[in-house]
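Novice: Produce the complete structure using the sequences and hints provided.
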Amino acid sequence: MNAKQTYLKILKKSIPIFILMFGTGLFAQIEITGTVTSDDGVPIPGANISVQNKAIGTTTDFDGLYKIEVPDESSVLLFSYVGYKDQKITVGSQRKIDVVLSASVESLDQIVVVGYGSRRKKDLTGAVVSVEAEDITAYPSATAQQTLQGRAAGVAVQSANGGEPGADIRIRVRGATSINASSDAIFVVDGFVGAALPAPEDIASIQVLKDASATAIYGSRGANGVVIVTTKKGKKGRMRIDFNTSYSTQTVTNTLDLLNAEQFGDYIQEINPGYVRGSADTDWQDVIFKTGQIANHQIALSGGAENVDYYLSGTFFDQNGAVLGSGLERFSFTNNININFSDRLKVGMNALGRRSTREGARTQESTGGTGSAGAISAAFRFSPDQGIRDANGDFTLPSVGDDIDNPFATTTQIFNESVNDLFQTNVYADLKLFEGLSFKSTLGYNVRNNREGTFFPTTTVRGAGVGGEGSIQTIKQTNILSENYFTYKNDLSFAKFSATVGYSYQKERSERVTTSGAGFLDDGFSFWNLDGAANLLFIESRLLESELASYYGRINFDILDKYLITFNARQDGSSTFSANNKWGFFPSGAIAWNMGDESFLQNSKLISQWKWRVSYGLTGNRAIQPFGTLATYEDIISIQGGELVNAVALQRLANDNLKWETTKQFNVGVNIGLFNNRISLTADYYDMITEDLLLDRPLPETSGLSNPVQLQNVGSLENKGFEIELSTRNLVGAFTWNTNINFSRNRNKVLELPDGEDIRDIGNSSPGHLLLPDVPILREGQPVGVYFGYVYDGVYQNGDTFLPGAIFEQQAGGERYRDLNGDGELNSDDQTIIGNPHPDFTFGINNTFAYKGFDLNVFFQGAVGGDMFNFTLLELNTLTGSSNATTEALNRWSLTNPNTNIPSAAQRTRIISSRWVYDGSYARLKNITLGYSFDERLLEKLKMTKLRVYVSGQNLVTFTDYPGLDPEVLYRSDSNSRSNINLGLDYGSYPNVRSYTLGLNVSF
Amino acid sequence: MKRIIFILIMAATWSGCTDLEEEPIGILAPETFFTTTDNLQAAVDGAYGHIASEQFWGRKFTLSLLLRGDMVTIGDPTTSSRRIEVDEFRMNGDNGMVTSFWPRSYAIIGSTNYAIEGAASVEGTEEEVNAIVAQARFVRAFTYYHLVRIFGEVPYIDFAVREAEALSSIEKTSVEEIYEGIIEDLEFAKTWLPDQQPFRSMPSKGTAASYLASVYLTIGNWQGAYDEATFVINNSGRFGYALEADFQDLFDATKADGLVEHIFSIDFKGLDVISGAPGIDFLPPVTGMRGPDIEGWSVAVPTVAVFDSFDDNDYRKVVSFDTEAVFDGVTVPWQDFGTANRGVSRPHIAKYYRFPGTAGNNNRDSDHNYGAMRYAEVLLIAAEASNELSGPTGEAVDYINQIRARARNAAGTMNTFPEDLTSGLSKDQLRDAILEERRIELAFEFKRWYDIKRLNLGMEVFGPTSMEPQTNFDSTRDYLFPLPDDELGRNPNLLPQNPGY
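Top line first, the protein sequences correspond to chains S and B.
Its first residue numbered 0, the first sequence is counted upward by one per residue in numbering that gives the first Met the number 0.
Its first residue numbered 0, the second sequence is counted upward by one per residue in numbering that gives the first Met the number 0.
Take these hints with a grain of salt, some might be off.
In silico lysine to any residue, SDA-like type, Cα no more than 25 Å apart, as pairs [to be verified]: (1) S:Lys506 - B:Ala28; (2) S:Lys475 - B:Lys254; (3) S:Lys475 - S:Lys439; (4) B:Lys254 - S:Lys604; (5) S:Lys581 - B:Glu162; (6) B:Lys171 - S:Asp754; (7) S:Lys506 - B:Glu22; (8) S:Lys581 - B:Glu20; (9) S:Lys604 - S:Ile96.
Just so you have them, the derived chain B footprint on chain S, three or more residues with Cβ under 8 Å [what the hints assert, rightly or not]: (10) 531-543; (11) 635-644.
Since the hints were derived computationally from the structure, they do not count as laboratory data.
No residue lacks a Cβ here, since even glycine has one placed at the ideal position from N, Cα and C.
Specialist: Structural data, given as structure tokens:
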């Protein structure tokens, strides 16, 4: 017996102890046996059988056989299995009960978790979309957010930096509803609002609440949609052990075609004939791009006895990125226990502990400026005729342009490490006060500690002149939430009535300390000896606190199961709201009609379900930072006698009227099931208008504020669109084929801005060292973040009339721009909107095939019609001789090559123009998985219930005309407003990676 | 069970007691801030902090003054267009230099106004409180003095803006009224400031008098200028003012804190803040050479004609210009600076790039203290005012010769150049000599543009045979900068735009 078997044996033996500890001493009297099969006659192993209202349950074996003991003949057995309709059978005099479960793609009786409760899917009045566990774990992923990409209509998910390990993930439900505030959907994990998500493997299902009928109960946090996450729980019955493991290799999907050393030398010498060519020929992309790996493991123990169920899981995820020096390591423990204390009281607890360590090679520069290039942009810019080290053994610097570290030095010398610890727990007690009325109280606590350290040693440009530079920042965030609500249910003869009323209190606190210094005795100290710095550069500590108190309620009224009425409301009071607007009220209402249940359709062979839904309501976005309505002084750097002195400066004027943003949303939708639900279609149309947008209203600069603006509720914007989800069971029987298609189209439009003026220069969108104005603009009538610049008209030829203009060229081979206002010269009035980053539509297509033990999943995902602005190509191909260029430069204008759109090599000003706007449409094979599950009979001998091996590939094929590395990037989306405004920008971004995965799922 | 219900009810109610009022910790509110003289000083120090910001003295404002004049022009033609526009008189109201330093100027003024009003609630004797208020009023005058010369009519705001609504009535003030306010503030400062301060970056009585002299010179009040300048000169011992022995020491950041010649300095601390924060000095890199391993940016570079206009025997030429650089271990003369990518084959300004003290990359974030007013300038003002009032007297010539004597000290070696001015000059000749002395002595110290404007020299110094021909120069337009268009949009009361823009 090996160690593992011993371990299992001990665990199995310990189960009765659990039962003894929590058992009630009840002994069943009647034994029932039988078989559970599907409607095509195949036994269903693992089907659940439980006794209604009793904590008794079992599962079928590999032949679909079961045996269960029930207390008496009035007991009701409940048969269920994923993908099949539930069945209830009263025992009566039967002792052998064989059951045939009929399959359904979409079970209408499926329970869907919504805010403060759950509903049968059939009874839903709102727009809610579900994502199931198998989709969440279809491929290895560091975060669960990422796995939602392409899975649900109306839910747009994008990495902020391509395939970078640990990159931020943006989730937008029905577009961005804000400009300045966060547009990220809020997460609710097992009822904990604002909780962190567990590892993908520990999630049972995800529901996304989209319309106001579903989200208004989250009041001032509901405007961006709500993502409700339910973690896995133990099932009653014997202990189950799941072991999932996979190993992946990763490479970047794409590289740029750059000039080689010889071509580069030719190009530079056209500008600077005296340029001395280097002797090397280095492919810098090859230097930093490598084969990365992911190892992903999970082991979970779960099960349940009469009055307790448990789920214990540990995960380990280790990724070495496809760019030298980037990586992420994460381990987590998830622990769910539920105890039936008595018939009336149920208590339970979820706990999540996690550490993630991100090793961030500086792949993408954050603030820009000279000397701080990210490795990827450096790999494009850096002179190919230089080697990694010069004759003295020092790292080379570029032979043209600003001094930057070479890509190898950036990835290997600059040290950046971020360690994030999370502890989260949520305990609850659910008390049945009397029949129909229950009370639930939860207490959640979440603490996150993040430490980020960065060190630039003396071998880097930034560290060289100053004896190394190091910084360390720690942030501690705590979030406490107490929820208390009553639920009342009453089933009348003609109608079902239910109501929920509750109160909640939440307190969030954030503490931040940052220190940096320069001038160290030794590079080896890294950032762990900042007190040894000759120059202390920066010290800061900050505290932010906010409180939220809320009253909320919901009424559901279901008449004859056909006419469904829902009202929701929440009243939120927040400490961050201004003195005159402490409380906000957010109501919503919805009606739905199960037309399919009307007599004229009830017996239709074609139509198995037809439900209309319509809803309207208000939701909010808190959006105001703590202390954001008070007049404040800020510290300002001031020097006297060469030393820092205390100094203050006016930061903000008070605003006693500031309030939340309000989104008014109308939604109409339909759910249609055809041919016994073999085809099911969900379609929704929505129109959301966000008012009272929190925008900085420009104040006269004579106000004396260093940033002369005041945050006011001015402006509005609209998001409207439609969504379609289509699920079909194309083939049933031995060979099954299911298809899920989702399609989303969102139109975003700015309706109103302060004083109707365009807003530019708020996104800080351009890489600092390029010294460019912002690309995105906010303009009434246009989508948020459309691109603004000049129209590129190709190249001037000899004999052309050159348009005058301060920064514009007047020579043959020079860039030619269009004189839009026809005044005969080029100036800032000739700029216009040159691109729209919002896609026309996004889609996901998921096909699942199964035959015998084989399963095949093919998942496509894409976005069509959005523009992108490529700063990388702007920098490289303006051809000013300050960096390398792409092979496009080989077609540059010259006297012998006049028929081209590419200008000559010449010193010229970089200009934001339509030349750098590209179609970012793409479709990609996001995932393909082929799995084989071994035969149950074989597994029985191995004492296993499941053994599946699979191979999969991610991002294997991408169809796009986009000339950059990858269309899925969001450069400069690192703050709330930037993530709303800076869309489709690309600069030195981490490309997506192509992965091959080999994996194993085992259950005992 | 009862116990459990009790616990649940407790859990539900413990959290219920909140008034949702914010009690900020670590955040300062101006309403409650002004209690002690230390706090009052911190509010004034905020104004100094704004002066020493990138948008003002650290780059945008000072670089604009450099480029606008006839001593410096763009070196790297690929630099940002806002700089080129200032240099070539192509700027408009959307120019990025103006839109940066205009709001920062009013941030300085706003800080002083809060301090001046806040003083009412500060505990302390009249002398203690007024000595700090006098600093604030000096800084307010200093800032308006720059603004009125750059823009002409601007809003003269001498109250603390506390509500956004108060801004809608703000209008332009006439140039005369602005000068009245400046003089009133400087007189108050001269009354209440001490004879000496711990640091030259804080104004003293002599600082206020020196600026009064400069203001009077600008508005042509020769007597006022003469009186104030000679007041400073005659009390130079009491105020601690003298010429530095070695001209180079004035531009060596390692010696900056001990200079007796500084009457008012803008103090930067090398490597004091992280990248991106205000308080960083960028003048060394924008004026420094660009080479393969030298990290200046060659933005603001004198023309060769400017270099040639300095006598080769003048030690100040050596101090003011970098004529060679070591690129990759090889000494390169200025004629070859252009071989570096985006470099330019012209001598570069050395006053800031050469000795930046503790500094970061590209010599940014330097340790310089910039002499916004130094004793040599007071001597020059006294000489000019004296000549205008009394003609070419020995007194005027003597002031100039003090400066020339110092210039002969080339790091301890006594040159014969520049020779003393002789007393046989006519009034006009002496006026020209004083102006030329200002040009050489104060080269690249942000004074030249004001002299061009004050003396209406534009057509001459930007003409076709000048050191820096600028065909766009238009004397009906270019003596004033455009008001920022952005600000005109925010406050239409400020329309019309300055003429010609």
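Novice: Confirm or reject each hint.
Specialist: Structure-based check of all given hints:
no.: 1; hint: S:Lys506 - B:Ala28; result: 23 Å, holds
no.: 2; hint: S:Lys475 - B:Lys254; result: 43 Å, violated
no.: 3; hint: S:Lys475 - S:Lys439; result: 30 Å, violated
no.: 4; hint: B:Lys254 - S:Lys604; result: 95 Å, violated
no.: 5; hint: S:Lys581 - B:Glu162; result: 21 Å, holds
no.: 6; hint: B:Lys171 - S:Asp754; result: 22 Å, holds
no.: 7; hint: S:Lys506 - B:Glu22; result: 14 Å, holds
no.: 8; hint: S:Lys581 - B:Glu20; result: 9 Å, holds
no.: 9; hint: S:Lys604 - S:Ile96; result: 29 Å, violated
no.: 10; hint: 531-543; result: holds (count 6)
no.: 11; hint: 635-644; result: holds (count 10)
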